[in-house]
Amino acid sequence: MSAVNIRNVSKAFNEGKPNQVDALRDVSLDVRQGEFVSLIGPSGCGKSTLLRLIANLLEPTSGEVSVNGKSAVQARLEQDYGMAFQQAGLFDWRTVQKNIELPLELKGWEKADRRARADEMLQLVQLPEFGDHYPWQLSGGMQQRIAIARALAAHPPLLLMDEPFGALDEMTREYMQGELLRICAATSTTVVFVTHSIPEAVYLSNRVVVMSPRPGRLTKVVDVALGGERSEDTRNRAAFFEAITAVREGLRGMHAAHVGLGNDDR
Amino acid sequence: MTSLLRRTAYRTAMFVLALGLVVLIWETYKAVGPADGGKLFGVRILPRTSEYAMPHVWDMFQRFGRPEVRGSDRTVFIAVLAGAWFSFRLSVAGFVLGGAVGVGLAVLMARFKLVQRGVLPYLVVSQTVPLIALAPLVVSWGGKLEVGPFVWPRWLSASVLGAFLAFFPIAVGTLRGLAAAPAASVELMQSYAASWGKTLVKLKFPTAVPYMVPAFRLGASASVIGVVVAEISTGLKGGIGRLIIEYAREATGDPAKVYTAIFGAAALGLTMAGVVIAADVFVMRNRPKESIS
Chain A
1 MSAVNIRNVS KAFNEGKPNQ VDALRDVSLD VRQGEFVSLI GPSGCGKSTL LRLIANLLEP
61 TSGEVSVNGK SAVQARLEQD YGMAFQQAGL FDWRTVQKNI ELPLELKGWE KADRRARADE
121 MLQLVQLPEF GDHYPWQLSG GMQQRIAIAR ALAAHPPLLL MDEPFGALDE MTREYMQGEL
181 LRICAATSTT VVFVTHSIPE AVYLSNRVVV MSPRPGRLTK VVDVALGGER SEDTRNRAAF
241 FEAITAVREG LRGMHAAHVG LGNDDR
Chain B
1001 MTSLLRRTAY RTAMFVLALG LVVLIWETYK AVGPADGGKL FGVRILPRTS EYAMPHVWDM
1061 FQRFGRPEVR GSDRTVFIAV LAGAWFSFRL SVAGFVLGGA VGVGLAVLMA RFKLVQRGVL
1121 PYLVVSQTVP LIALAPLVVS WGGKLEVGPF VWPRWLSASV LGAFLAFFPI AVGTLRGLAA
1181 APAASVELMQ SYAASWGKTL VKLKFPTAVP YMVPAFRLGA SASVIGVVVA EISTGLKGGI
1241 GRLIIEYARE ATGDPAKVYT AIFGAAALGL TMAGVVIAAD VFVMRNRPKE SIS
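In order, the protein sequences belong to chains A and B.
Just so we're aligned, residue 1 is where the first sequence starts under this note's numbering, counting upward by one.
Just so we're aligned, residue 1001 is where the second sequence starts under this note's numbering, counting upward by one.
Be careful, since some hints might not be right.
[Said to hold, decoys possible] Under the rule of at most 25 Å between Cα atoms (straight-line distance), these lysine-lysine pairs were calculated in the BS3-like manner:
id, chain 1, residue 1, chain 2, residue 2
1, B, Lys1113, A, Lys111
2, B, Lys1113, B, Lys1030
3, A, Lys70, A, Lys107
4, B, Lys1237, A, Lys107
5, B, Lys1113, A, Lys17
6, B, Lys1237, B, Lys1113
7, A, Lys98, A, Lys111
8, A, Lys111, B, Lys1202
9, B, Lys1198, A, Lys107
10, B, Lys1144, B, Lys1237
11, A, Lys98, B, Lys1237
12, A, Lys98, B, Lys1202
What the hints contain is simulated information worked out from the structure, not anything from laboratory work.
Turn these sequences into a full structure, and let the hints steer you where they fit.
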């Protein structure tokens, strides 16, 4: 059973009106259990829309989305996925601990169980001593780690992330990428990850899906041949650069076609 | 905490300074101004400075210590305090009632866009109706109300009029606050399949608090104004509004007396605002220290 299955999905906003926007046209994608898949492309290519279709925050105009063999609606109702956004989006009025407990509260967990799970998640993101702090007392990177802890608190099999490290500085960003891989390996979570950054997509992913705009569609899927174990050394390996080149060519080919230039003329 | 303390001390000092300045201006004008006021082409443009028109500030305060009426053992201070306490309780009742109605309306308007479009214009119009015109109506409607053992007490009319002024800023502020939750947070709650009610309690109300606090502060002072005006226009006995009227009638013989009631009304408004500010500091104690205007 695949973690996410998208079959011939199209999404149009303002359908039938003069200002109709074809955000996605005829997209098909299959994400295997335990796989890390990144969606990359210029703004307007529909990568965030695709993520929201998987999350069932949007309904497709046509086509089907299934998550863990269930319909997207059912998966959302059963909290089969966790979600993290570019802004950590922690609630200012709750302590870090209470923020992590939020999805569990909504699932109706007992207080003692919530507390135990929140402690476990704080250990996982290596911030065990910050449970009683308030989010605004933490740095941006720490806030984002708490947001990941919250997304994974209910142990969902799938994690959906929308440019979660986009607001962080480069150093913190690379550190967070390592942390994310460690956490996902520890919890064997499947991840669908939206990003603007080519090295980030390549470093994290088993597969990088290149998308293009107007209308949003998949143009290329790059398999990253880096194996499961990744470390700082990974960033210096030949396979890393090859994959970066492949993704860049995918993006550039589309760009050249879009502005009407040949590939050899740049 | 020390910065909070310093800020409070600074504000208190500025408040006392401003008060001193008012006294200084009052007394200076009284000393140098013409006793019969200034006239220009037969029109009086400067107020009289006689004892009847402008009593000394210290006379006003001394008046607090003397009996309310000749031969009585009740001082004006006690009378004003009792009146202010009476009006305070009515204002609190009006504030609570107005708060409940205001927040309830805001929730309804946030839930149903149709209600918002239908009701909001009427709320705005309601605030243009002069309170004085409304007061006798409320009293007469209330007087006819009798549900089982419940008989409409006269003081409730004053509280209702206080509520009438208080609910509006509270409804508008709360509505604005309920709409202030960031889109990502709303999506997050959706991703948890949280119901509308759960989203309201766990996300929308907490985000609305910084908007509700100034709205409640406005509502509190509006409730005091509503109650005092209602006391005056409905002739309700026992409150500070009634005292202002009674003491003003005695102004020819006892000019300082009416000012004691006015001070009482001012103290009442400040107390009410103080209570709300204390509640504000309490609910916002764990929030980031940046305020919205």
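Those earlier numbered hints the structure runs against, lowest number first: Per hint list: 1, 2, 4, 6, 11 violated.
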